Amino acid sequence: MKEVMVRPERCMGCRSCEIACAVEHSESKSLFAAVGESPSPRKRIYIEYIPEHAASVPVTCRHCEDAPCTTVCPTGALSREEISRKVVHSPELCIGCWTCSMVCNYGVIGRQKEARVAVKCDLCPGREVPACVEACPTNALVYAEVKDFSGIKRAEAALKLARGMKPGSAL
Amino acid sequence: MKTTEKRTLHPTICPYCSLGCGFFLELEEGKAVGIRYMPEHPVNEGSLCPKGNAAPDILNHPDRLKYPLLKTENGWKQLEWEEALSLAAEKLGTARKENGPNSLAFLGSAKCSNEENYLFQKIARLLGTSNVDNCARLCHASTLIGLGKTLGAGAMTNPLADLSNSDCVFVIGSNFAENHPAVARQVLRAKDKGAFVIVADPRLTPTSWLADLTLRLKPGTDVALLNGMMHVIVNEGLLDRNFVREKTEGFPGLEQALQRCCPETASRITGIPPSEIIKAARAYARAGAASIVYSMGITQHISGTDNVTACADLALLCGQVGRKGAGVLPLRGQNNVQGACDMGALAEFFPGYGKVGDAEAAGRLKTLWKTDKLPEKPGLTATEIAEAAGKGKLKALYVMGEDLVNSHADSSRVREALESLDFLVVQDIFMTDTAEYADLVLPAAAWAEKEGSFTSTERRVQWTDRALSPPGEAKPDIEILLLLAEKLGLGLPYRTAGDVLAEISGAVPSYGGMTKERLKKGFGLIWPCPDSSHPGTPVLHVGRFKTPDGKARLIPVEYQSPAEIPDPDYPFLLTTGRVVLHYNAGSMSRRSKALLEKEPGLFVEIHPSDAKAMEIGEGNRLVLETRRGKTEATARLTGKIGPGVLFMPFHFPGTNVLTGDALDREAKIPEFKVSACRIRRE
Amino acid sequence: MMKEMKEEMQEGMKEEMQEGMKKEMQEGMKEEMQEGMKEEMQEGMKEEMQEGMKEEMIRGDTKGDTSGENCNKKKVLAIDAEKCIGCRACSSACPEGLIGLSEEGGRRNLKFPESCSLDCERCALTCPEEAITFVSEEGRSPAFSGSRTLALGLMACRKCSASFATERELERVRQAVSLKVPLRPGGDFWMELCPACRQESFREKEAGAILRERKIKGNL
Amino acid sequence: MPEAVYADLSRCIGCRACELACERENKSSRISVKVLSGLAAAPVSCRQCEIPLCTAPCPKGALSCENGKLEYEAENCTGCGLCTLACPFGTAVLRAGIIERCNLCPGMETPACVATCPAGALIYTEPGSLGENIRQRRAKRMNRALEPPAPAGRRAE
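Chains as they are written, first to last, in the numbering used here: chain A, 51 to 221; chain B, 254 to 935; chain C, 2 to 221; chain D, 220 to 376.
Accuracy of the hints is not assured; some may be wrong.
Away from chain D, derived, C-beta distances all over 10 angstroms, residues of chain C [to be verified]:
1) D81
2) L99
3) E105
4) T127
5) G154
6) A157
7) A197
8) R199
9) R215
DSSO-like, lysine-lysine: derived pairs with alpha carbons at most 27 angstroms apart [what the hints assert, rightly or not]:
10) B:K577 to D:K359
11) A:K163 to C:K160
12) C:K160 to B:K446
13) D:K359 to C:K76
14) D:K279 to B:K851
15) B:K402 to B:K799
16) D:K246 to B:K851
17) C:K216 to D:K279
18) D:K279 to C:K206
19) B:K865 to D:K253
20) C:K206 to C:K160
21) A:K163 to D:K253
22) B:K846 to D:K253
23) A:K216 to D:K288
24) A:K136 to C:K181
25) D:K359 to C:K181
26) B:K284 to B:K799
27) D:K253 to C:K160
28) B:K851 to C:K206
29) B:K330 to B:K319
30) A:K136 to C:K76
31) A:K197 to D:K253
32) D:K288 to B:K284
33) B:K865 to C:K181
34) B:K865 to B:K284
35) B:K773 to A:K216
36) D:K359 to A:K136
37) B:K773 to B:K350
38) B:K259 to D:K246
39) B:K851 to C:K160
40) B:K774 to B:K284
By construction, these hints were calculated from the structure, which means they are not laboratory data. Fair warning: this is a prediction, and the values are worked out from it, not measured in the lab. Glycine residues also receive a C-beta, built at the ideal position from the N, C-alpha and C atoms.
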């Protein structure tokens, strides 16, 4: 399956992805209208700022195989779609016990205040490329299959080597 | 249970371990009815471990001793205080007159306040003997000696909260998650900031859960591991050369000794793969600030002093001392074990660590005590006291708040020793197994029933006020000691604990600036605090060490195998330790219903493969036998320990029947952690 | 399943009833127990056996209190065996503890007295299913007849095999819960577990999530 | 703002202080911790669900939920115990005809179990903020992985 892969060294912390995500998950799907909407649109991707290193890292659902959130969900609101392999959340089944939020090792299960249910990344159904990826100006987010992503990383590493740069640094 | 108008809150300090956690005792009509937390306390930030939560159980317990008791042929006879103390004074006096002062011995208590321990050793020394010691001998005597000779002070170098500033925390021989749970919050905080945590322990414990790297070494092989790590550090040039050159002495000797200790050698002895030893060495040495946390897994060996020395060497080699987040942190046992040592309740030290035998130290004390005679030779240590009693060399023993039957190694011999005494006084809050042997039992007050100061493992001296009255006719230890001193004709001029503290600040230089008023303000003072304007010293060894020339010593140590190793007769290696729900000899924690319900009896951990070979199932009763005795325990099958190793907690009578009495040659600490043992199903 | 259960239940009750009757006969008649009544009861019993049980009426001496005014107030309990889910509410509500509870052989047995001279009616008021009603002795229809015990089938926990609730209780809970949240397959795994095992199953799942992150080596 | 006692599971050291504290405050413990095969421990207590299933079968409305706050009125409770069967977590317990479950220690600023937790594993918080710490930790770990391996010798202070 294609996933939102992260290249943290490229993230400059502009939070475009967060805004794009919230707008995409709003009623109106427009930035200006979304602001006033109720229930207020919620983002599902998070930019974590690390003050000690003045660095930002995007954190979003990894759609884990054998995801802990799906194992603990008592009502089956969180489940894995057999075909797409996405970890999806059905709000009508959610009882808001937040056990999923406790066990998520990435901390990316949020809460929709008004509806009092969990919200998480759904990889933007109906879109070819998720909104966050499309909005990222530095390509720190890539929508790709793992094997293709490795290919991208390899090419990048080769380029860095050729230019005599350190492997971890940004291009 | 809500705080109502009838209820009052009384700030106090936990009586269990050495962390010095604060909380409020909730009182109603003079009875302790509950606990409120104290989030502003700098050590525990309000948190309490299960034992702390159960602390009030001690105060209201029906088993509390309420009257002085005399052993007669028809059982215990209740005495008046007057009668009891006259008897004690008379018996001690007779023994002293007939057999000399060294036929007396005094065992102080790391559970009693600084003032009480100071008085206790003063009485002993005024009677002319240095046979005074406390249970630090059984847990951290090796720390006193080992850190004393390397860093110049046998105490924790940095405060606990400073652990959160470390980039690397190296835990060796400590299961703080169970034994000092509030330390876990600081280590976790360091982890949150990105620290690398290494845990070296033969067992997998909840402390190992916090580790980024776990080193499962064989019990008793710590020196080999530490030497292996130092070898890597020196070889790879990871040492702090400037620090070593400017602040230490003895590097060439250490460097030479380390040549023989390559990781492969260390791996053969410890059972840890060389790659992991190298990884640990690099992580520790490269960290901006690294701390070593150790505990009884390091100290309770015949090589205890060597283990401690090696820890100090490692820290010095990498310059990881005397800075924020960099230090050596021995986590001590009892709530006032640091204080009892500071007060000189030790056979070889006067108050403030002046050596017994050192004329200058004795001279100062003579002036202060207005006496012309003080013992000139170090006395018998706690372990030697029991031995000497067994050989009939001791006539009378005074035990204050210590259950040596259950806490000393090889308890069958301790029992015999106690029986052979002419006169035994035990002053305690419960009828312990030791008190059962006493001729005279004196009922004492528990921690919240008296006032005084306590010194925690991080050298924080805190004052507690009396919150409630002791049950029956029980008295604070300090009152008992003062009355006894009067009967003995020593005439000590104090009325309150505050008076004693005033003298302590004259006798112990690092307590120089401590007064009751200052200690009560905020959360105490951290020694050294030499004068009344000094704010206390949270981090030791900043700039210079507490040695005469200000330089630390690098002292090479060599691995030596434990005193007793498994053989065909006794094929298992038995190690002992603590569990989270109980405390030491258990005289307090085993009387808490809530704690006992959750951990009701003695068990032994055995590896499933050993259990299978011997057809032992979970919950089977096993008979364990060493060269010293045998005991029964329930089997618990677990991979927490390795094959060939057994683990038992020492909170229940029975464990120390098995443990060995081989002593560390310098610190005289018994090797509790390694015994050869055999087992069979009952 | 349900049918089987009912049959079994009836079996059990019959036995109970007959035994109870025998005992009473041996003991001799109680004062208020008239010949006619006895006949009536036996007849009622017979009828019931033929028809299958609809309502049971239980009658017996209430702690032997036969004298004075209590006697006059004596009311007869009518239990709707179809409605009762065996939840025990009545049992804990009764101030005199007259409703007996026992569990054995995969059944929860509720033992009701035939009649009651207390004037609280707490058992009826508390019953979540309104399965208990009171009728005065005079108004008692001949069709009412007594068995003392209702035996309801228990569910065994899928994990620890301990019986933890009656089948009817769980059915009732399932219905109620479905109104809040549609229960899908897999979304009701906990229904088959006793409360203690439910805690345990969540503990295991939660611990499982952190174990992957834990860097402990060892063969545990 | 609905709040409950949650756990930062990676911090729990299985010491059971929370059980002791709860037992002292509430006579019986409403939170339970167990060490699983010596490798992990997890506390389980009432999750104060936003849609509490325990209220569903309650016949007399003794258990009710208003704006995410669960209320229990003992005087309306029939003691039927159906709520204990409707709770997926098994954390509502019927004892002597009364339902016992975590009531977040009314009258205390922080529930006793949270206040006492030595490792800071129990958190009393609004559920939306649960992921914050975990995300930070994750981000730091990813960031650290980016650092090139340090060269031999002391890292600059």
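Here is what the structure says about each hint:
1. D81: The assertion about D81 (chain C) holds, with a minimum of 15 angstroms to chain D.
2. L99: 15 angstroms, holds
3. E105: 19 angstroms, holds
4. T127: Per Cβ check, T127 (chain C) is inside 10 angstroms of chain D; nearest 4 angstroms; violated.
5. G154: Correct as stated: the minimum Cβ-Cβ distance to chain D is 15 angstroms, above 10 angstroms.
6. A157: Since the minimum Cβ distance to chain D is about 14 angstroms, A157 (chain C) lies beyond 10 angstroms and the statement holds.
7. A197: Check fails; 6 angstroms does not lie beyond 10 angstroms.
8. R199: 3 angstroms, violated
9. R215: 7 angstroms, violated
10. B:K577 to D:K359: 22 angstroms, holds
11. A:K163 to C:K160: 36 angstroms, violated
12. C:K160 to B:K446: Between K160 (chain C) and K446 (chain B) the Cα gap is close to 41 angstroms, so the pair fails against 27 angstroms, i.e. violated.
13. D:K359 to C:K76: 74 angstroms, violated
14. D:K279 to B:K851: The given pair, whose Cα atoms are some 37 angstroms apart, is violated under the 27 angstroms limit.
15. B:K402 to B:K799: At roughly 10 angstroms apart (the allowed maximum being 27 angstroms), K799 (chain B) and K402 (chain B) satisfy the hint.
16. D:K246 to B:K851: 15 angstroms, holds
17. C:K216 to D:K279: It is violated: about 50 angstroms lies between the C-alpha atoms, which goes past 27 angstroms.
18. D:K279 to C:K206: Roughly 34 angstroms separates the two Cα atoms, so the pair is violated.
19. B:K865 to D:K253: 25 angstroms, holds
20. C:K206 to C:K160: At roughly 15 angstroms apart (the allowed maximum being 27 angstroms), K160 (chain C) and K206 (chain C) satisfy the hint.
21. A:K163 to D:K253: Between K163 (chain A) and K253 (chain D) the Cα gap is close to 32 angstroms, so the pair fails against 27 angstroms, i.e. violated.
22. B:K846 to D:K253: 19 angstroms, holds
23. A:K216 to D:K288: Not OK: K216 (chain A) and K288 (chain D) at ~54 angstroms, beyond 27 angstroms, violated.
24. A:K136 to C:K181: 26 angstroms, holds
25. D:K359 to C:K181: Measuring from Cα to Cα gives roughly 40 angstroms; hence the hint is violated.
26. B:K284 to B:K799: Not satisfied, since the Cα-Cα distance of roughly 46 angstroms exceeds 27 angstroms.
27. D:K253 to C:K160: 17 angstroms, holds
28. B:K851 to C:K206: The given pair, whose Cα atoms are some 23 angstroms apart, holds under the 27 angstroms limit.
29. B:K330 to B:K319: The hint holds at about 12 angstroms.
30. A:K136 to C:K76: Not OK: K136 (chain A) and K76 (chain C) at ~63 angstroms, beyond 27 angstroms, violated.
31. A:K197 to D:K253: Not satisfied, since the Cα-Cα distance of roughly 40 angstroms exceeds 27 angstroms.
32. D:K288 to B:K284: 36 angstroms, violated
33. B:K865 to C:K181: 50 angstroms, violated
34. B:K865 to B:K284: 52 angstroms, violated
35. B:K773 to A:K216: Given pair K773 (chain B), K216 (chain A) is violated - Cα atoms ~57 angstroms apart, limit 27 angstroms.
36. D:K359 to A:K136: Holds: K359 (chain D) and K136 (chain A) sit about 26 angstroms apart, inside 27 angstroms.
37. B:K773 to B:K350: Between K773 (chain B) and K350 (chain B) the Cα gap is close to 43 angstroms, so the pair fails against 27 angstroms, i.e. violated.
38. B:K259 to D:K246: Between K259 (chain B) and K246 (chain D) the Cα gap is close to 20 angstroms, so the pair holds against 27 angstroms.
39. B:K851 to C:K160: 23 angstroms, holds
40. B:K774 to B:K284: 26 angstroms, holds
Violation of the numbered hints given earlier is confined to hints 4, 7, 8, 9, 11, 12, 13, 14, 17, 18, 21, 23, 25, 26, 30, 31, 32, 33, 34, 35, 37; the remaining hints are satisfied by the structure.
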